[in-house]
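Trainee: Sequence:
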Amino acid sequence: MAMQDYEFWFIVGSQFLYGPEVLETVASRAAEMAAELNASGDLPCKLVYKGTVKTNGEATDLVRQANYDPRCAGIVTWCHTFSPSKMWINGLAALQKPWCHLATQYNRDIPNDEIDMDFMNLNQAAHGDREHGFLGARLRKARKVIAGYWRDEAVRRRLGSWMRAAVGAAFSRSLKVMRFGDNMREVAVTEGDKVEVQIKLGWQVNTWPVGKLVETMGAVTDAEIDALMETYRQSYDFATGDLETVRYQAREEIAMKRMLDAEGCAAFSNNFQDLYGMRQLPGLATQHLMAQGYGYGGEGDWKVAAMTAILKAMSEGQTGGTAFMEDYTYHLEPGSEYSLGAHMLEVCPSVAAQRPRIEVHPLGIGDREPPARLVFEGHEGDAIVVSLIDMGGRLRLICQDIHCVKPILPMPNLPVARVMWQAKPDLTTGVECWITAGGAHHTVLSYDVTAGQMRDWARMMDIEFVHITDGTTPESLEHDLFLSDLAWKLK
1 MAMQDYEFWF IVGSQFLYGP EVLETVASRA AEMAAELNAS GDLPCKLVYK
51 GTVKTNGEAT DLVRQANYDP RCAGIVTWCH TFSPSKMWIN GLAALQKPWC
101 HLATQYNRDI PNDEIDMDFM NLNQAAHGDR EHGFLGARLR KARKVIAGYW
151 RDEAVRRRLG SWMRAAVGAA FSRSLKVMRF GDNMREVAVT EGDKVEVQIK
201 LGWQVNTWPV GKLVETMGAV TDAEIDALME TYRQSYDFAT GDLETVRYQA
251 REEIAMKRML DAEGCAAFSN NFQDLYGMRQ LPGLATQHLM AQGYGYGGEG
301 DWKVAAMTAI LKAMSEGQTG GTAFMEDYTY HLEPGSEYSL GAHMLEVCPS
351 VAAQRPRIEV HPLGIGDREP PARLVFEGHE GDAIVVSLID MGGRLRLICQ
401 DIHCVKPILP MPNLPVARVM WQAKPDLTTG VECWITAGGA HHTVLSYDVT
451 AGQMRDWARM MDIEFVHITD GTTPESLEHD LFLSDLAWKL K
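Take 1 as the starting number for the sequence shown in the numbering used here and just add one per residue.
These are calculated hints, taken from the structure and not from any lab test.
Wrong hints could be hidden among the right ones.
Quick list of in silico lysine-lysine cross-link-like pairs, DSSO-like style, CA-CA up to 30 Å [claimed, not checked]: (1) Lys176 <-> Lys200; (2) Lys141 <-> Lys46; (3) Lys406 <-> Lys194; (4) Lys54 <-> Lys97; (5) Lys200 <-> Lys86; (6) Lys491 <-> Lys200; (7) Lys141 <-> Lys176; (8) Lys141 <-> Lys50; (9) Lys141 <-> Lys97; (10) Lys489 <-> Lys200; (11) Lys176 <-> Lys46; (12) Lys97 <-> Lys50; (13) Lys194 <-> Lys97; (14) Lys176 <-> Lys212; (15) Lys97 <-> Lys489; (16) Lys141 <-> Lys489; (17) Lys86 <-> Lys54; (18) Lys257 <-> Lys200; (19) Lys194 <-> Lys46; (20) Lys491 <-> Lys194; (21) Lys406 <-> Lys86; (22) Lys86 <-> Lys176; (23) Lys212 <-> Lys141; (24) Lys86 <-> Lys46; (25) Lys257 <-> Lys194; (26) Lys97 <-> Lys86; (27) Lys141 <-> Lys54.
Label pairs and their computed distance ranges (CB to CB) [to be verified]: (28) Arg233 <-> Leu486: 37 to 45 Å; (29) Asp382 <-> Leu486: 54 to 62 Å; (30) Asp462 <-> Glu333: 40 to 48 Å; (31) Asn121 <-> Ala154: 45 to 53 Å; (32) Arg71 <-> Val187: 23 to 31 Å; (33) Phe16 <-> Thr469: 20 to 28 Å; (34) Met229 <-> Ala154: 30 to 38 Å; (35) Asp426 <-> Ala93: 24 to 32 Å; (36) Glu191 <-> Asp382: 27 to 35 Å.
Even for Gly, the Cβ is constructed at its ideal location relative to N, Cα and C.
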């Protein structure tokens with residue numbers, strides 16, 4: 001489903017105590033708020049007012065409907081008046097979708113000349129939301145609390161940001177990953193418990209033989225390749241005359257896409273150690289598939305492939321870009337420390353600063369023909385890199401704040417896409433913290449998705465979240481990881 005196909009249910013709390021006129025006002029205001037929030041342009045998905053909960057049965061019925069409606073990516077609750085929280089227990093205990101508690105009120109200001117007991121009885125959000133909040137805490141339910149006036153842009157944007165994380169959760173629950181072959185030999189971090197991941201995150205991760213891909217490639221027609229070559233010309237500059245090599249990449253892309261779509265897979269991985277029957281490791285083919293929203297992981301890294309797809313789904317409609325990435329090497333000049341991110345071939349062109357070039361160069365590994373690939377520099381801007389690792393018994397999501405810069409060196413002999421950045425809090429401290437937390441060499445880099453959204457997503461998926469920020473120190477991180485280990489062992 002695309003971002004616009006999802007919706008969020010706005011469920012308002014009240015009770016019969018106040019009489020029918022108050023309940024009519026509550027319903028009218030709730031509908032007005034949903035309509036105005038939708039019209040603001042700050043929400044990526046539609047907010048649908050589903051009714052005012054006044055009994056246990058109403059709350060339970062709405063939550064059950066939300067759980068089983070594939071369009072519903074989460075619920076947003078607000079208690080306009082005093083809504084006794086015991087009526088919500090059965091419903092919220094059964095909730096399986098992300099939950100945002102919007103602690104707001106219809107009016108922004110206290111009307112000094114008009115406030116009386118009728119006004120107080122109608123406008124008890126400060127009372128109702130605290131009662132509602134207690135139950136969320138008592139149930140120990142993962143939830144997002146957003147407080148503020150609903151017409152304020154900052155509040156609307158926070159709600160929209162949370163919605164994107166919830167879409168990422170919905171996307172994750174139905175994600176299928178296609179592995180072409182197995183993981184790179186002897187690499188630990190690309191391994192993991194696929195059964196646990198499916199239980200926790202919803203991913204279906206399975207393997208298809210490279211021979212099946214080669215067979216599918218053989219069925220691709222010249223006409224199909226011609227059409228894709230024209231797409232390449234519209235999107236990229238050709239900096240090579242070796243069109244046969246580019247056409248071979250087109251053949252690979254068409255075949256991979258055909259297999260992915262046939263199985264309903266939104267992410268894939270491959271391995272340069274397993275190219276039996278193939279003349280080239282997919283480079284341009286993989287990059288152009290990522291540009292279309294597919295997730296990818298090199299060296300058989302199915303976890304980063306899935307995370308790339310999820311972050312792309314969360315950032316749909318945004319233009320900063322999200323890409324499979326790898327820390328390759330450092331620039332350690334004092335006062336000018338940078339990390340150079342790249343990969344052999346496969347960095348998504350969505351992060352390019354200028355129009356990418358198609359080039360053909362030897363790869364040096366894989367024992368195959370020189371493949372075509374897109375070469376470009378990443379653009380400047382704040383971003384994050386994230387890594388999901390299997391700690392044995394639980395999953396840990398590591399997120400680091402970075403600032404991408406124009407590469408300080410031209411690197412004319414490096415024929416790969418590259419991004420250069422300053423890690424937070426600084427390069428060496430950031431490296432120490434990343435290594436201490438167990439972060440992988442493969443990451444997802446995103447200019448669009450925020451650390452706050454990844455924190456929300458991790459909370460929705462009930463996994464550990466580690467954030468390396470401008471204020472992180474190795475000592476504070478070690479302390480936090482120690483406490484986290486204790487907490488997660490008790491869960």
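Trainee: Hint by hint, say whether it matches the structure.
Mentor: Comparing the hints with the structure gives:
no.	hint	verdict
1	Lys176 <-> Lys200	holds, 14 Å
2	Lys141 <-> Lys46	holds, 24 Å
3	Lys406 <-> Lys194	violated, 38 Å
4	Lys54 <-> Lys97	holds, 21 Å
5	Lys200 <-> Lys86	holds, 29 Å
6	Lys491 <-> Lys200	holds, 14 Å
7	Lys141 <-> Lys176	holds, 27 Å
8	Lys141 <-> Lys50	holds, 21 Å
9	Lys141 <-> Lys97	holds, 11 Å
10	Lys489 <-> Lys200	holds, 16 Å
11	Lys176 <-> Lys46	holds, 26 Å
12	Lys97 <-> Lys50	holds, 15 Å
13	Lys194 <-> Lys97	holds, 22 Å
14	Lys176 <-> Lys212	holds, 18 Å
15	Lys97 <-> Lys489	holds, 25 Å
16	Lys141 <-> Lys489	holds, 18 Å
17	Lys86 <-> Lys54	holds, 11 Å
18	Lys257 <-> Lys200	holds, 27 Å
19	Lys194 <-> Lys46	violated, 33 Å
20	Lys491 <-> Lys194	holds, 20 Å
21	Lys406 <-> Lys86	violated, 56 Å
22	Lys86 <-> Lys176	violated, 39 Å
23	Lys212 <-> Lys141	violated, 44 Å
24	Lys86 <-> Lys46	holds, 29 Å
25	Lys257 <-> Lys194	holds, 23 Å
26	Lys97 <-> Lys86	holds, 20 Å
27	Lys141 <-> Lys54	holds, 21 Å
28	Arg233 <-> Leu486: 37 to 45 Å	violated, 57 Å
29	Asp382 <-> Leu486: 54 to 62 Å	violated, 33 Å
30	Asp462 <-> Glu333: 40 to 48 Å	holds, 43 Å
31	Asn121 <-> Ala154: 45 to 53 Å	violated, 29 Å
32	Arg71 <-> Val187: 23 to 31 Å	violated, 39 Å
33	Phe16 <-> Thr469: 20 to 28 Å	violated, 48 Å
34	Met229 <-> Ala154: 30 to 38 Å	violated, 47 Å
35	Asp426 <-> Ala93: 24 to 32 Å	violated, 45 Å
36	Glu191 <-> Asp382: 27 to 35 Å	holds, 32 Å
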